[in-house]
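Colleague: So the chains spell out like this:
Number of protein chains: 2
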Amino acid sequence: MTTPSAARVVADERLARIALSRLTEPGDTRMAALVSRHGAVWVHAQLAAEFDPAGMRSDVAARLGSMDPQRDLATAERLGIRFVIPGDAEWPRPIDDLLVAPPVQERGGPPLGLWVKGPLRLDQVGRAVAVVGSRSATTYGADVASELGAGLARAGHTVVSGAAFGIDQAAHRGALAVDGPTMAVLACGVDRAYPLAHKTLLDHLAGTGAVVSELAPGCSPTRLRFLARNRLIAALTRGTVVVEAALRSGALNTANWASRLNRPLMGVPGPITSAPSQGVHQLIRSGAAMLVTAADEVLEVVGGAGEYLLEPKRGADGARDRLTQRQRQVLDAVPVERAASAPSIARTAAIALLDVQASLLKLQTKGLVEPVGHGWRLAAAARSSSRE
Amino acid sequence: MTTPSAARVVADERLARIALSRLTEPGDTRMAALVSRHGAVWVHAQLAAEFDPAGMRSDVAARLGSMDPQRDLATAERLGIRFVIPGDAEWPRPIDDLLVAPPVQERGGPPLGLWVKGPLRLDQVGRAVAVVGSRSATTYGADVASELGAGLARAGHTVVSGAAFGIDQAAHRGALAVDGPTMAVLACGVDRAYPLAHKTLLDHLAGTGAVVSELAPGCSPTRLRFLARNRLIAALTRGTVVVEAALRSGALNTANWASRLNRPLMGVPGPITSAPSQGVHQLIRSGAAMLVTAADEVLEVVGGAGEYLLEPKRGADGARDRLTQRQRQVLDAVPVERAASAPSIARTAAIALLDVQASLLKLQTKGLVEPVGHGWRLAAAARSSSRE
Chain A
72 MTTPSAARVV ADERLARIAL SRLTEPGDTR MAALVSRHGA VWVHAQLAAE
122 FDPAGMRSDV AARLGSMDPQ RDLATAERLG IRFVIPGDAE WPRPIDDLLV
172 APPVQERGGP PLGLWVKGPL RLDQVGRAVA VVGSRSATTY GADVASELGA
222 GLARAGHTVV SGAAFGIDQA AHRGALAVDG PTMAVLACGV DRAYPLAHKT
272 LLDHLAGTGA VVSELAPGCS PTRLRFLARN RLIAALTRGT VVVEAALRSG
322 ALNTANWASR LNRPLMGVPG PITSAPSQGV HQLIRSGAAM LVTAADEVLE
372 VVGGAGEYLL EPKRGADGAR DRLTQRQRQV LDAVPVERAA SAPSIARTAA
422 IALLDVQASL LKLQTKGLVE PVGHGWRLAA AARSSSRE
Chain B
72 MTTPSAARVV ADERLARIAL SRLTEPGDTR MAALVSRHGA VWVHAQLAAE
122 FDPAGMRSDV AARLGSMDPQ RDLATAERLG IRFVIPGDAE WPRPIDDLLV
172 APPVQERGGP PLGLWVKGPL RLDQVGRAVA VVGSRSATTY GADVASELGA
222 GLARAGHTVV SGAAFGIDQA AHRGALAVDG PTMAVLACGV DRAYPLAHKT
272 LLDHLAGTGA VVSELAPGCS PTRLRFLARN RLIAALTRGT VVVEAALRSG
322 ALNTANWASR LNRPLMGVPG PITSAPSQGV HQLIRSGAAM LVTAADEVLE
372 VVGGAGEYLL EPKRGADGAR DRLTQRQRQV LDAVPVERAA SAPSIARTAA
422 IALLDVQASL LKLQTKGLVE PVGHGWRLAA AARSSSRE
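Taken in order, these protein sequences are the chains called A and B. First residue of the first sequence: 72, per our numbering; consecutive thereafter. First residue of the second sequence: 72, per our numbering; consecutive thereafter.
Any given hint might turn out to be false.
To be verified - Covered stretches of chain A, as calculated for chain B (at least 3 residues, CB under 8 Å):
| id | segment |
| --- | --- |
| 1 | 162-168 |
| 2 | 286-297 |
| 3 | 357-367 |
| 4 | 398-410 |
| 5 | 421-430 |
Claimed, not checked - Listed below are several chain A residues computed to face chain B (Cβ distance under 10 Å; list not exhaustive):
| id | residue |
| --- | --- |
| 6 | A82 |
| 7 | D83 |
| 8 | T95 |
| 9 | W113 |
| 10 | R134 |
| 11 | D214 |
| 12 | A258 |
| 13 | C259 |
| 14 | P342 |
| 15 | H352 |
| 16 | R418 |
| 17 | L449 |
| 18 | A452 |
I should point out that these hints are in silico values taken from the structure, not numbers from a laboratory. The beta-carbon is built from N, C-alpha and C at its ideal position, and this holds for glycine as well.
All chains should be modelled from the sequences, with the hints used to inform the complete structure.
Modeller: Below, the structure written as structure tokens:
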């Protein structure tokens, strides 16, 4: 720590926000409210004025005095990192919804600013989708996240996640695999590789997409910062998809934020025997999340009105679908196992015998029934589909 | 076929119902409505009166004339099969809901009667639950169905299914494994073993539970009869659980009947990559079915009001849950990877240094933090749970 000096007067909104963000933890609702009402310059001036030379009164003022946001900014710029604040063209407007969303454990509010590394502009994430989930993902979950990431990115939606192990990583990689846009939001400085094993991934993201954080370069991750980070993932996106989340997974915190922000929340189901799917199943059971099974179902939810309308899924047309009404009635009356005589089939179908005989011959040419002795029975193809 | 003789006068409601059930296919809504309004004796008399000796006018009357319901009943009794009709003490009242449920493809209505083999009484199935699904089940689906069957039967609920391969079989076996009540509803006579490979299962069910059908002994299964049978499974039960169902599975027909009967419909999710789960996922997506993951969740739905109230699932309490509020705040401020000094942690947590130091020592005794040089870092136990 440097020796406290007289608090600098910071006249610039950007520099004031940098200093204030270093003073408080992310998601400090009081600070967010103050800055939103009075601007960072005013708040900074108020807090800095409390400085007293004996160091008895205000640690806050002392800390403000020891900061050099100008230098922070210069250092960041050298690292290719920019600091985006409200009013900048690049400021992502949807994130301001955090001003009105109810806080979680007194944490909330928009960030004082966002440190960004990478060519992807934050104001272009209006169609972004969050894909989040457990670090301890199964291969099933990772495959699904990767497929979703690829499908969403291919449709032009930015895939937003947290660059963690498991689902996060798989979602980013899915988007990268199709050269699609993807963005990581971190709980530490964007110059830090956390987890270290994801250094290459993060470099790649910073090279083609964006790495974002409300924490200044150099800051370390803490649990509280992960929780605060989750609100940004929810707020930066049009909707959040939870792929796998155990009952106490942090992904459920992101899900909670999506709900508080009135953003659509979606969940991918999995085996009920799989612990990492339990949290997702509970979100769906409680009605908080909609069940989704593919990227196109996510697009239907987050797309513009009428942009992605899905036909309800149905099985492939069977031979049965291409029959006339009468042929179907006759087919339905042919016993599943034994053969039956045409008159018996006619009675079961309640159709005249001559018509039944004509239909049976048609059905035979289609390979659906076969003659046996004096009767008819279902051919193997029809048998397998007739019982359910 | 015997030679048509003068139509017998059938004065007995039970015998008239047997004759009429042989005349029409199950689920004939016109017949069900007529019999429900006028009684089977009257309907039988009207149809039999159309008999003309030249056989020119009415095949119906001729067929009625050739029937011998008295003999049918005697034969059935010798096989240990009873015929239950409305008015009998054993008649399952919930099935009468079929009178008002909208028909599917002109099929519907209550059965004219139910042939029953086995000690389980139909009037004791008020708390029954249907567990249905694909014949081509996965091992996952079969395991789940079996677990559900066992769980429901253990709680005293009769498990109702169709004795088919796959999910049906697994559900029955689950109930049998705990010596619980279970009932099969067939699309053929209850004296028939269909599928033949399930002869032992059906014998077992008839020995300890019940095998039920609206088709007279000896009747063969047809596709139409399977569809009609499905409405009985839905109507006999308080709710229907679909475990696995491909997009065109017959289990979806049973599901449809449950919805038409205003019975709760539930679905067990599975991997989105598994075709036999697609139909279930669609039921949940459309809002038709509620997602369930265990027998107790089914019981909560089908049980009496307040009988089975579940606590929402939550993960096991971690060490974190047993901390004081202050200790948690301090723990959340300790960096995830590197060590930090106590003053730095105090600033992050916004708590006085003395209190932080006291908390750190407490957290150390709990194995959550450890001293490193002049600082503190998270212990391995806390590290793994702090990032999400």
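Colleague: Please go over all the hints and tell whether each is borne out by the structure.
Modeller: Taking the hints in turn, this is what the structure says about them:
no. : hint    : verdict
1   : 162-168 : violated (count 0)
2   : 286-297 : holds (count 6)
3   : 357-367 : holds (count 6)
4   : 398-410 : holds (count 8)
5   : 421-430 : violated (count 1)
6   : A82     : 25 Å, violated
7   : D83     : 24 Å, violated
8   : T95     : 8 Å, holds
9   : W113    : 21 Å, violated
10  : R134    : 7 Å, holds
11  : D214    : 8 Å, holds
12  : A258    : 8 Å, holds
13  : C259    : 8 Å, holds
14  : P342    : 6 Å, holds
15  : H352    : 5 Å, holds
16  : R418    : 7 Å, holds
17  : L449    : 9 Å, holds
18  : A452    : 13 Å, violated
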